[in-house]
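Colleague: If you want the building blocks of each chain, they are given just below.
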Amino acid sequence: MASTRTVAGASGTDTGTAGRAPARPAAPRRRLRGVLELTFFLAPALSLYLGFVLLPILLAAWYSVYDWNGIGPLDDFVGLENYRRTLSDPVFRGAFWHNAIFVVLSVGLQLPLALGLALLLNRRLRGRGALRSIFFAPYVLSEVTTAVIWLLMLQPEGFVDKVFDVVGLGGLVQLWLADSKIVIYTLFVVITWKYIGFAIILLLAGLQGIPAELREAAALDGASAWQSTRHITLPLLGPTIRIWCFLSIIGCLQLFDLIWIMTLGGPANASNTMATYLIDHGFRRYEFGYGSAVAVIMFTISFVFAVLYQRFVLRRDTEGALTRMVR
Amino acid sequence: MISVRKGSALAVGAMLALTACGGGDSGDDRAGDGTVTLTWWHNGNTDPLKGFWQQVADDYTASHPKVKFKIEAIQNEQFQTKIPVALQSNDPPDIFQQWGGGNMADQVKSGKVMDLTEASSSWIDSLGGSAAGWQTDGKQYGVPYSLGIVGFWYNKELFQKAGITAAPATVDELLATIDKLKAAGVTPIAIGSKDRWPDAFFWEYFALRNCSTDTLKSSLSGLKMDDPCFLKAGQDAQKLVAAQPFQKGFLATPAQQGAGSSAGLLANGKAAMELQGHWNPGVMSALTTDKNLNSKLGWFPFPTVSGGSGAADVQLGGGDGFSCSYKAPPECVDFLKYVVSPEVQSKFGALNVGLPVAKGSENSVSDPTLKGVLDARGASSYVQTYFDIAVPTAVGQALNDAIANLFAGKATPDQVVKAFTDAAAQQ
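Residue numbers (my numbering), protein chains in the order written: chain A, 1 to 327; chain B, 328 to 754.
Keep in mind that the hints were calculated from the coordinates and are not lab data. One thing to keep in mind: the hints can contain errors.
Below, computed lysine-lysine pairings styled on DSS-like, alpha-carbon distance capped at 25 Å [to be verified]: (1) B:LYS509 with A:LYS162; (2) B:LYS623 with B:LYS483; (3) B:LYS597 with A:LYS162; (4) B:LYS575 with A:LYS181; (5) B:LYS575 with A:LYS162; (6) B:LYS397 with B:LYS654.
Stretch-level coverage of chain A by chain B, calculated; a stretch enters the list once three of its residues show a Cβ under 8 Å from a Cβ in chain B [unchecked claim]: (7) 152-162; (8) 275-289.
Stretch-level coverage of chain B by chain A, calculated; a stretch enters the list once three of its residues show a Cβ under 8 Å from a Cβ in chain A [as the list claims (entries may be wrong)]: (9) 402-413; (10) 435-446; (11) 518-526; (12) 576-583; (13) 721-727; (14) 731-745.
C-beta atoms are modelled at their ideal positions from N, C-alpha and C, and glycine is treated no differently.
Working from the sequences, and respecting the hints, build out all of it.
Modeller: Okay, here's the thing in structure tokens:
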């Protein structure tokens with residue numbers, strides 16, 4: 001006790017402690033201010049995020065362990081039965097593979113096509129502005145409008161068939177939407193038509209960021225156009241391409257509106273995606289518990305993909321921006 | 328391909344979250360002066376029905392000044408998603424569209440629909456047998472105002488062109504008719520297979536013609552299709568599909584959207600027949616510029632199957648009605664009584680968009696073809712509700728999907744029966 005007092009008395013004369021003393025009451029106030037500021041600025045975004053992103057996910061997970069028709073009380077607990085049923089349903093598996101096909105086609109066909117067009121449109125050519133607008137226009141249309149327009153054009157003896165006839169390719173005409181072997185590729189063409197403009201705009205923006213001096217220097221060193229594209233442009237376009245792939249793959253996994261309107265997942269489930277399967281079972285069959293299980297599975301697939309992609313593919317691109325800011 | 332929206336994966340979750348949060352104040356809409364406001368959701372979102380229901384509400388308010396209405400006309404397909412969400416909330420509509428059957432039974436099981444048995448006992452008989460489709464366990468939970476049956480709508484001119492003089496009465500005659508139409512270069516039957524339920528009409532009619540009425544009733548109420556007549560129905564449907572009577576690419580054809588839809592093909596003379604409900608003239612008139620369409624149209628019931636146990640006068644049908652939700656004030660029932668009174672029903676019949684059910688209102692239907700449908704309904708020994716409405720929704724949709732697969736050549740008759748049985752086992 002005594003020794004303590006001595007120490008206290010001793011420290012009381014110490015200038016360092018004296019200097020700190022008046023600051024002490026101010027510290028909580030500053031912290032409080034910080035908390036209030038954070039609350040004020042974060043609350044709107046945070047409450048939206050909690051209410052419309054996190055809460056629905058949690059609720060879906062909760063509903064997914066019940067057999068529930070969406071109207072009555074949640075009282076028929078079935079555990080993981082809904083998940084077992086989903087994963088063992090060949091229709092759902094088919095839907096998953098259709099999503100996978102869309103992913104592969106997007107990255108394998110749509111990307112090279114968009115890249116080629118972007119490189120062309122990046123050159124000085126007459127009517128470049130007009131061409132850029134034309135390619136970008138479909139992206140501005142809503143997915144529903146796109147679907148209805150193409151649904152009408154793809155009817156037998158419709159606009160598309162007539163165009164084939166006129167250019168002398170009438171023999172190649174197919175039942176674009178009615179043939180279960182072809183429908184998914186027809187849909188991919190429509191999706192490409194709609195979204196290629198976005199890829200081109202994104203890639204053009206990336207191309208603007210590549211200094212012209214690099215290509216000039218390469219040209220002086222005797223590099224051919226192909227060589228400088230292959231070894232300068234493409235590597236420097238890498239970040240843009242990687243972010244496009246990310247958006248595209250997530251989009252493919254969640255594909256819904258266009259397919260629902262054009263085919264309802266048919267004929268005979270040939271164009272179902274996980275999302276059309278989800279709506280078909282959740283809403284049309286009033287199996288909301290089951291639909292929620294499908295939603296959770298879909299969410300998990302997208303989420304795992306997103307995390308892995310960020311971790312392994314986008315790491316270099318986001319290192320400077322994201323990681324440093326967090327620290 | 329890119330979709331920046333993240334929403335769709337969570338669509339169902341979000342909808343359900345809204346359900347959980349939705350609805351503030353509970354219950355009675357009665358104001359201090361005793362005025363009560365009835366919220367009314369119906370599917371007449373286009374004229375003439377939209378204006379008609381408004382008039383009915385206005386007339387009722389004129390004679391009952393204390394009852395006011397808040398009407399929302401909702402597009403038919405949207406009811407599927409709106410009704411469960413609304414019934415789950417604390418503030419459901421007082422009066423809402425009701426198709427009866429298993430869908431209604433789901434709502435009843437959850438205690439969301441008002442039992443009208445007692446309140447309607449004095450007048451429900453005026454609707455005859457029609458009211459039965461809106462009963463569950465012997466209790467009345469809804470009131471029909473229109474009941475129609477499905478049959479073949481056909482283009483008389485195209486039949487004439489192909490040299491067909493009489494409507495086919497048996498399936499064999501139907502197949503002969505198909506051959507004649509094909510020979511004349513006419514697409515015999517238009518079908519909207521993309522929507523699946525038009526396929527189901529065929530399969531269900533084959534079941535109606537092959538199965539006895541008792542088998543139908545017990546199979547659908549017991550959710551068991553163990554009678555071989557259901558297999559036969561699938562085989563008959565397969566035989567019809569094999570005759571290739573449908574338009575090119577029928578698997579992707581919508582039923583009602585655009586001139587290329589099945590209704591549009593019939594309306595524009597591009598196909599000779601379509602198996603559809605009583606609403607078809609109304610749908611078709613919006614899809615063609617042909618002002619004389621109605622005079623070209625004829626109607627005949629689904630033909631009989633040789634050796635089938637089903638009666639020729641059993642028809643497939645269904646109708647529209649209204650229910651009161653569990654929180655509705657008693658005025659709701661009185662208003663429904665007014666809706667199905669012969670007076671209002673006669674005005675409804677005169678619109679020629681549906682077939683009124685109240686006794687004494689039959690003569691109000693003036694369109695001769697529609698009158699023919701009404702006569703067939705009156706002469707029928709039994710009207711079987713569409714299977715997908717009669718059974719729980721999940722079972723009905725599973726059946727429709729399997730039938731659609733059969734039409735696409737991707738399912739066998741026994742797989743259709745199995746799909747029904749499997750879905751029923753989940754119930």
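Colleague: Are three or more residues of the stretch 731-745 of chain B within 8 Å, CB to CB, of chain A?
Modeller: With 6 residues in contact (Cβ-Cβ under 8 Å with chain A), the coverage given for the stretch 731-745 of chain B holds.
Colleague: For a C-alpha distance cap of 25 Å, please report whether LYS397 of chain B and LYS654 of chain B respect it.
Modeller: holds (16 Å)
Colleague: Taken at face value, is the distance from the CA of LYS181 of chain A to the CA of LYS575 of chain B at most 25 Å?
Modeller: holds (16 Å)
Colleague: Mind checking, does the stretch 435-446 of chain B have 3 or more residues with a CB under 8 Å from chain A?
Modeller: Holds: 4 residues of the stretch 435-446 of chain B have a Cβ under 8 Å from chain A.
Colleague: Below or equal to 25 Å on CA atoms is what counts here, so check LYS623 of chain B against LYS483 of chain B.
Modeller: Status holds; Cα separation ~6 Å.
Colleague: Need the status of pair LYS597 of chain B, LYS162 of chain A: alpha-carbon distance at most 25 Å?
Modeller: Measuring from Cα to Cα gives roughly 18 Å; hence the hint holds.
Colleague: At least three residues with a C-beta closer than 8 Å to a C-beta of chain A: is that true for the stretch 518-526 of chain B?
Modeller: holds (count 4)
Colleague: Are 3 or more residues of the stretch 721-727 of chain B near chain A, judged by a Cβ distance of less than 8 Å?
Modeller: With 3 residues closer than 8 Å to chain A, the stretch 721-727 of chain B meets the three-residue bar; holds.
Colleague: Can the restraint linking LYS575 of chain B and LYS162 of chain A be considered satisfied, given a maximum Cα separation of 25 Å?
Modeller: holds (15 Å)
Colleague: With the threshold set at 25 Å, check whether the alpha-carbon distance from LYS509 of chain B to LYS162 of chain A stays at or below it.
Modeller: The hint holds at about 23 Å.
Colleague: Please check whether the stretch 275-289 of chain A has three or more residues whose CB lies within less than 8 Å of a CB on chain B.
Modeller: That given contact holds, which follows from 11 residues of the stretch 275-289 of chain A lying within Cβ reach (below 8 Å) of chain B.
Colleague: Counting residues of the stretch 152-162 of chain A with a beta carbon closer than 8 Å to any beta carbon of chain B, are there 3 or more?
Modeller: Result for this restraint: holds, n = 6.
In this structure, none of the earlier numbered hints is contradicted; all agree with it.
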